[in-house]
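One letter stands for each residue in the lines below.
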Amino acid sequence: MANATLDLIQGLLWSKGLHIGQLNPGNRPMAAMMGVPDMVPFAGAQSHDHCMTVARVPARKFYWDAELHISTQMAVQRWYEMDGYTVIADVYNWETEALGARFIYSDNAMPTPDVSHPLISSPADLARLKPLDPTKGRVPFACELARLTAERASGLLKDGFFCSPFSMMCNMMGYAPAVHAMRRNPQFAKDVFAFMEEGAILPFVRAQAEHGHLKSFTGPDAWACFPNLSHAMIREWELPSAQRLKALGKKNGWDIKAGSVAGDYCEEDPAKFDKKLMWDSFDLINEFGLLGMKMVLGAMGRTQEWDPLWIKEYADTHGHQPVFLGLNGRFIRDSKPEAIVAKVRQWIDVLGRNGKLVLNIANIPADTSPLNVFVASRAVHTLGRYPIARDLSQVDVPLPRFTPFDEWLKGQPEEEVIRRSREK
Amino acid sequence: MSDALTKLKQAVLEGDDATAAATAQQALAEGLKGLDIVNSAIVPGIQAAGQLWKENQYFLPDVVMSAEAFSAAMAVVQPTLTAEGATHTGRVLIGTVAGDMHTLGKSIVIAMLQGAGFEVTDLGVDVPVRTFLDKTAELKPDILGAGCYMSTTMLSIKDIIAGLQERGLRNQVKVMVGGVPTSQEFADEVGADAWGKDALDATAKARQLMRR
Numbered sequence: 001m002a003n004a005t006l007d008l009i010q011g012l013l014w015s016k017g018l019h020i021g022q023l024n025p026g027n028r029p030m031a032a033m034m035g036v037p038d039m040v041p042f043a044g045a046q047s048h049d050h051c052m053t054v055a056r057v058p059a060r061k062f063y064w065d066a067e068l069h070i071s072t073q074m075a076v077q078r079w080y081e082m083d084g085y086t087v088i089a090d091v092y093n094w095e096t097e098a099l100g101a102r103f104i105y106s107d108n109a110m111p112t113p114d115v116s117h118p119l120i121s122s123p124a125d126l127a128r129l130k131p132l133d134p135t136k137g138r139v140p141f142a143c144e145l146a147r148l149t150a151e152r153a154s155g156l157l158k159d160g161f162f163c164s165p166f167s168m169m170c171n172m173m174g175y176a177p178a179v180h181a182m183r184r185n186p187q188f189a190k191d192v193f194a195f196m197e198e199g200a201i202l203p204f205v206r207a208q209a210e211h212g213h214l215k216s217f218t219g220p221d222a223w224a225c226f227p228n229l230s231h232a233m234i235r236e237w238e239l240p241s242a243q244r245l246k247a248l249g250k251k252n253g254w255d256i257k258a259g260s261v262a263g264d265y266c267e268e269d270p271a272k273f274d275k276k277l278m279w280d281s282f283d284l285i286n287e288f289g290l291l292g293m294k295m296v297l298g299a300m301g302r303t304q305e306w307d308p309l310w311i312k313e314y315a316d317t318h319g320h321q322p323v324f325l326g327l328n329g330r331f332i333r334d335s336k337p338e339a340i341v342a343k344v345r346q347w348i349d350v351l352g353r354n355g356k357l358v359l360n361i362a363n364i365p366a367d368t369s370p371l372n373v374f375v376a377s378r379a380v381h382t383l384g385r386y387p388i389a390r391d392l393s394q395v396d397v398p399l400p401r402f403t404p405f406d407e408w409l410k411g412q413p414e415e416e417v418i419r420r421s422r423e424k
Numbered sequence: 001m002s003d004a005l006t007k008l009k010q011a012v013l014e015g016d017d018a019t020a021a022a023t024a025q026q027a028l029a030e031g032l033k034g035l036d037i038v039n040s041a042i043v044p045g046i047q048a049a050g051q052l053w054k055e056n057q058y059f060l061p062d063v064v065m066s067a068e069a070f071s072a073a074m075a076v077v078q079p080t081l082t083a084e085g086a087t088h089t090g091r092v093l094i095g096t097v098a099g100d101m102h103t104l105g106k107s108i109v110i111a112m113l114q115g116a117g118f119e120v121t122d123l124g125v126d127v128p129v130r131t132f133l134d135k136t137a138e139l140k141p142d143i144l145g146a147g148c149y150m151s152t153t154m155l156s157i158k159d160i161i162a163g164l165q166e167r168g169l170r171n172q173v174k175v176m177v178g179g180v181p182t183s184q185e186f187a188d189e190v191g192a193d194a195w196g197k198d199a200l201d202a203t204a205k206a207r208q209l210m211r212r
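Respectively, the protein sequence lines represent chains S and G. Going by this note's numbering, the residue at position 21 of the first sequence is 21; the numbering climbs one at a time, nothing skipped. Going by this note's numbering, the residue at position 54 of the second sequence is 54; the numbering climbs one at a time, nothing skipped.
Worth flagging that the hints you see were computed from the coordinates, not collected in a lab. Glycine residues also receive a C-beta, built at the ideal position from the N, C-alpha and C atoms. The reader is advised that the hints may include incorrect statements.
Said to hold, decoys possible - Heads up, simulated EDC-like pairs for lysine to aspartate or glutamate below, C-alpha to C-alpha not over 16 Å straight-line: (1) K336/S with E189/G; (2) K33/G with E84/G; (3) K336/S with E14/G; (4) K158/G with D198/G; (5) K336/S with E185/G; (6) K294/S with D316/S; (7) K158/G with D188/G; (8) K7/G with D36/G; (9) K197/G with D307/S; (10) K54/G with D269/S; (11) K272/S with D198/G; (12) K276/S with D255/S; (13) K276/S with D307/S; (14) K246/S with E197/S; (15) K197/G with E305/S; (16) K197/G with E268/S; (17) K158/G with E138/G; (18) K54/G with D274/S; (19) K197/G with E151/S; (20) K294/S with E305/S; (21) K424/S with D65/S; (22) K276/S with E55/G; (23) K158/G with D367/S; (24) K158/S with D255/S; (25) K54/G with E268/S; (26) K272/S with E185/G; (27) K275/S with E55/G.
Unchecked claim - Just so you have them, the derived chain S footprint on chain G, three or more residues with Cβ under 8 Å: (28) 43-51; (29) 55-61; (30) 145-153; (31) 159-171.
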């Protein structure tokens, strides 16, 4: 089913029990968000530097060449048998870089802002900044990547991307000065927020909209996860900013969704896990209204040690919300295959029996063994077949056999672009 | 306890760096010894912040502000400590690995280590492997701490440990690693002596390493 709208409708009908045709990797996640699909989807993951490493693509080309970037991510995610694509590049950097911040570039890692030489240290620095010029930095790359993503990728996230305000503030000032300003010099912090919204994000979104005829934009905000910010600070600063951006977008006919993953429960110490705080994170994420629907989102935290019954109880008592849960990237990298299978088995057993469950890996570390990613992917698709087996402990998930990436790549549409990039 | 010390402890706890520096100065002006100011106000202030963090009463912004206030107060008192012949729990050399500019976690770890009595030398961010090795040879720290915050840059920690081995330094220094993408499994894999989950954990592990 090539037509994207028909594809989506098929997914929605499937979720309601009208099984017309077969679901595909592109519409399975949507079907799962709405009801019961054919199997629990293993949605695409944020994995740019992992994909770059697997495909042996040089960083100095990968982060500048939109065609290479999307080709690499799509090929590697398809190789992993993921449902839909999640083409997210180093989205936190683009505006800050275009505004003139000093960056570190290396042969094997993404560009990273040099916060030892921050763009903004004082109100005078802020006053000197000019609104973002869309011809500067890698904005043209970002615009082209957004256009290609909307054109080619399937899945839940086909938006243009921008960096949400608090994360951008961290990139421009450093985390500590940013929270210092919010606490001790709120007028300065408000001025920084105003500049980011109208002087950085809006022109950047406009550039993407004009280049790729896009209407929908998502702004990740990993720096604003909990406990990087308290829930109170997120509600005081990031939520109103997201609402202002939403209103600014509406005036221009765009849907601007800032604060993606703001409030995500990222407590690292299991001894400090607190049901009330975790649930407040779930509430907060819903206040941002990311995919236009309420859902329980666990993205970057130490999810492998969460009590899944806390998640189930929240979902069940809050209108049977779908659960979108990320396997922790470090857990996938560091675990033995048996541990990954056991975790997937537990989650599907507790959370997936009635549909409304999407699993993914939140940010796959660059050096993760492909075997472990395949283990996760195959475990989700094997254990997550509907109707879910009554006793999942009896369902065997054999160690996956897979064709090495380079061999698999032969004859794939992305082969030439990827191979050519490896030439000096 | 004098008013200045009470106020200083509270300023560190509440992350008020300006008041922390001013009251540390005031305490010195009142004739209090630097070591007493550190032990009865500055360190208890940062420890109280750590306790509130453990109890989910403080979140990262609170801890960062406390660490800044701690540093501000320590900067005032530090010059008097050497003259008073203060001793250290141990000496730590710390830095963020090459290609990585992140400094937040390292700053908190440094504050907590100093609060626990360690003398800390900060190599900064984007530190090449060679610098880690040269400085280890030169300063002979008890502990070498390497932080990394990206899964691409963390791989250079392997090179640091291999370099220590090659230069015959590995048995003279304990190696601790930390940072967002790291884990106990990673620390084991690269042959580090300890992994610091967060600043409090890093400080506790550093103390344990000194007892080995």
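To see whether the hints hold, each was checked on the structure:
Restraint check: the Cα-Cα separation between K336/S and E189/G comes to about 13 Å, which is no more than 16 Å; the hinted pair holds. At roughly 8 Å between alpha-carbon atoms, K33/G and E84/G fall within 16 Å of each other, so this suggested pair holds. A hinted pair counts as satisfied when its Cα atoms are at most 16 Å apart, and K336/S with E14/G does not qualify at roughly 43 Å. This hinted pair does not check out: K158/G and D198/G have alpha carbons roughly 21 Å apart, beyond 16 Å.
Restraint check for K336/S and E185/G: the C-alpha separation of about 11 Å stays at or below 16 Å, so the hint holds. Annotation: proposed proximity of K294/S to D316/S holds, straight-line Cα distance about 12 Å (limit 16 Å). For the proposed pair K158/G and D188/G, the alpha carbon gap of about 11 Å is at most 16 Å, so the pair holds. Proposed proximity of K7/G and D36/G is supported: the alpha carbons are some 14 Å apart, at most 16 Å.
Among the hinted pairs, K197/G with D307/S is inconsistent with the structure: their alpha-carbon atoms are about 20 Å apart, more than 16 Å. About 9 Å separates the Cα atoms of K54/G and D269/S, which keeps this hinted pair within 16 Å; it holds. For the hint pairing K272/S with D198/G, the CA-to-CA distance comes to about 13 Å; that is within 16 Å, so the pair holds. With a C-alpha separation of about 31 Å, the suggested pair K276/S and D255/S falls outside the 16 Å cut-off, and the hint is violated.
Distance check on the hinted pair: K276/S and D307/S sit about 13 Å apart at the alpha-carbon level, within 16 Å; holds. For the given pair, K246/S sits about 10 Å from E197/S by alpha-carbon distance, which is consistent with the 16 Å threshold. Between K197/G and E305/S the CA atoms are separated by roughly 15 Å; this keeps the pair inside 16 Å, and the hint holds. With a C-alpha separation of about 8 Å, the suggested pairing of K197/G with E268/S holds against the 16 Å cut-off.
Proximity of K158/G to E138/G is assessed by CA-CA distance (about 21 Å); at most 16 Å being required, the pair is judged violated. Restraint check: the Cα-Cα separation between K54/G and D274/S comes to about 12 Å, which is no more than 16 Å; the hinted pair holds. This hinted pair does not check out: K197/G and E151/S have alpha carbons roughly 42 Å apart, beyond 16 Å. Between K294/S and E305/S the CA atoms are separated by roughly 23 Å; this puts the pair beyond 16 Å, and the hint is violated.
For the hint pairing K424/S with D65/S, the CA-to-CA distance comes to about 15 Å; that is within 16 Å, so the pair holds. Between K276/S and E55/G the alpha-carbon distance is near 13 Å, which keeps this suggested pair within the 16 Å criterion. Using a Cα cut-off of 16 Å, the hinted pair K158/G and D367/S holds, with the two alpha carbons roughly 13 Å apart. Distance check on the hinted pair: K158/S and D255/S sit about 13 Å apart at the alpha-carbon level, within 16 Å; holds.
For a cut-off of 16 Å, the pair hint linking K54/G to E268/S stands: about 11 Å separates their Cα positions. For the hint pairing K272/S with E185/G, the CA-to-CA distance comes to about 21 Å; that exceeds 16 Å, so the pair is violated. Between the alpha carbons of K275/S and E55/G the distance comes to roughly 14 Å, so the proposed pair stays at or under 16 Å and holds. Here's how the segment 43-51 of chain G fares: 0 of its residues keep a CB closer than 8 Å to some CB of chain S, so the rule of at least three is not met and the hint is violated.
Counting residues of the segment 55-61 of chain G whose CB lies closer than 8 Å to any CB of chain S gives 4, which reaches the minimum of 3, so the coverage claim holds. Counting residues of the segment 145-153 of chain G whose CB lies closer than 8 Å to any CB of chain S gives 4, which reaches the minimum of 3, so the coverage claim holds. With a cut-off of 8 Å between beta carbons, the segment 159-171 of chain G has 0 residues touching chain S; three or more are needed, and the interface restraint is violated.
In this structure, the hints that do not hold are numbers 3, 4, 9, 12, 17, 19, 20, 26, 28 and 31, in rising order.
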